[in-house]
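Here my numbering is used: the first residue of the sequence shown is 6, the next is one more, and so on.
It should be emphasised that the hints constitute simulated quantities derived from the structure, not laboratory data. Errors might be hidden in some of the hints.
To be verified - Cut-off 30 Å, straight-line C-alpha distance, at most; resulting in silico cross-link-like pairs (DSSO-like, lysine-lysine):
(1) K48 - K77
(2) K32 - K66
(3) K189 - K165
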Amino acid sequence: MIDFRNIFWWRLKLPVPHELEESMIWKLQHLSIKSYAIEIDPKNNSRSFFYIWLISSEWPKYQREQLINCFKPLARTFDKTLEQVTWEKVDDEDWSSSWKKYWGPAPVGKRLLILPAWMDLPASYSERIVVKLDPGAAFGTGDHPTTKLCLEAIERQRPKDLRIVDIGCGSGVLGLAALRLGAKEVIGVDIDPLAIGSAQRNAFLNDFDENSFRTFHGSIDTVHNELQGAKADLLLCNILAPVIKTLGEDFDRVISPQGNALISGLLVEQMQDITKFLVDLGWNFIASYQQDNWALIQLSKSSRH
Numbered sequence: 006m007i008d009f010r011n012i013f014w015w016r017l018k019l020p021v022p023h024e025l026e027e028s029m030i031w032k033l034q035h036l037s038i039k040s041y042a043i044e045i046d047p048k049n050n051s052r053s054f055f056y057i058w059l060i061s062s063e064w065p066k067y068q069r070e071q072l073i074n075c076f077k078p079l080a081r082t083f084d085k086t087l088e089q090v091t092w093e094k095v096d097d098e099d100w101s102s103s104w105k106k107y108w109g110p111a112p113v114g115k116r117l118l119i120l121p122a123w124m125d126l127p128a129s130y131s132e133r134i135v136v137k138l139d140p141g142a143a144f145g146t147g148d149h150p151t152t153k154l155c156l157e158a159i160e161r162q163r164p165k166d167l168r169i170v171d172i173g174c175g176s177g178v179l180g181l182a183a184l185r186l187g188a189k190e191v192i193g194v195d196i197d198p199l200a201i202g203s204a205q206r207n208a209f210l211n212d213f214d215e216n217s218f219r220t221f222h223g224s225i226d227t228v229h230n231e232l233q234g235a236k237a238d239l240l241l242c243n244i245l246a247p248v249i250k251t252l253g254e255d256f257d258r259v260i261s262p263q264g265n266a267l268i269s270g271l272l273v274e275q276m277q278d279i280t281k282f283l284v285d286l287g288w289n290f291i292a293s294y295q296q297d298n299w300a301l302i303q304l305s306k307s308s309r310h
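From just these sequences and the hints, can you work out the full model?
Okay, structure coming up:
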């Protein structure tokens with residue numbers, strides 16, 4: 006029998022290069038570890054700190070060691086090695102709020118602000134367009150370079166009155182930002198049901214109902230069915246390069262002949278290959294943008310842009 010009087014939490018602190026962040030998030034989601042936060046290293050902008058909270062009763066020493074070992078192959082994929090991991094005990098009554106100190110208001114682009122749901126709007130950001138977010142499940146928080154690239158690109162697109170499809174919507178942050186900027190409708194899909202729950206909670210926080218922000222467990226087939234013969238004006242897709250290659254041939258099923266796409270989740274070295282892949286499918290390359298080692302591609306179905 007567990008003695009709940011002796012329950013505490015382990016807080017793991019792991020330095021991670023930016024190239025590894027998306028893979029780390031994927032692994033944590035795959036392991037159903039939801040209590041984590043990411044903080045950019047203020048002394049080294051090429052890396053972040055991952056903080057992961059693990060309850061002591063469920064994570065004995067050998068399992069914590071196995072967790073670290075499962076991260077090592079991810080690092081090797083990028084020719085990286087994991088740096089020193091540190092562990093700290095956190096009292097049970099403190100853990101649930103301790104991760105919140107790693108989140109703060111995040112200005113993005115010229116107009117947007119990603120604001121943690123529990124925070125009041127700072128006066129210094131009163132002119133910005135606010136997207137409230139509960140980052141507890143960390144399915145895309147505005148902090149990662151690919152999310153920032155997408156948010157900045159959406160802002161440049163001026164999405165007023167557009168119908169938008171978000172493939173791999175995660176927390177819903179991209180679609181919610183688009184709605185804040187005037188989009189007419191967003192349909193978001195994700196293969197992870199936990200992400201859908203996160204997106205729906207965030208829609209509620211931002212006062213959007215299911216008429217303007219619809220989310221579904223699934224992928225492009227689901228979007229196609231929900232559109233019921235209509236087509237989207239803008240496709241958002243912030244997922245990993247291999248998945249883009251899997252889904253790319255079906256993008257035409259949901260996008261209008263004059264539609265545009267913002268494709269991210271790509272490392273800079275993957276950008277040329279993915280661009281060629283999509284151009285060969287009939288897309289027209291418009292522009293590319295980079296942040297750290299990550300890239301975004303803007304494309305259009307129309308040759309007139």
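Hint-by-hint comparison with the structure:
1. In summary, the hint linking K48 to K77 is supported, as the alpha carbons are separated by about 24 Å, within the 30 Å threshold.
2. At most 30 Å may separate the alpha-carbon atoms for a hinted pair to count; K32 and K66 meet this at roughly 19 Å.
3. Straight-line distance between C-alpha atoms of K189 and K165 comes to about 7 Å, which keeps the hinted pair within the 30 Å bound.
Consistency note: the structure conflicts with none of the earlier hints.
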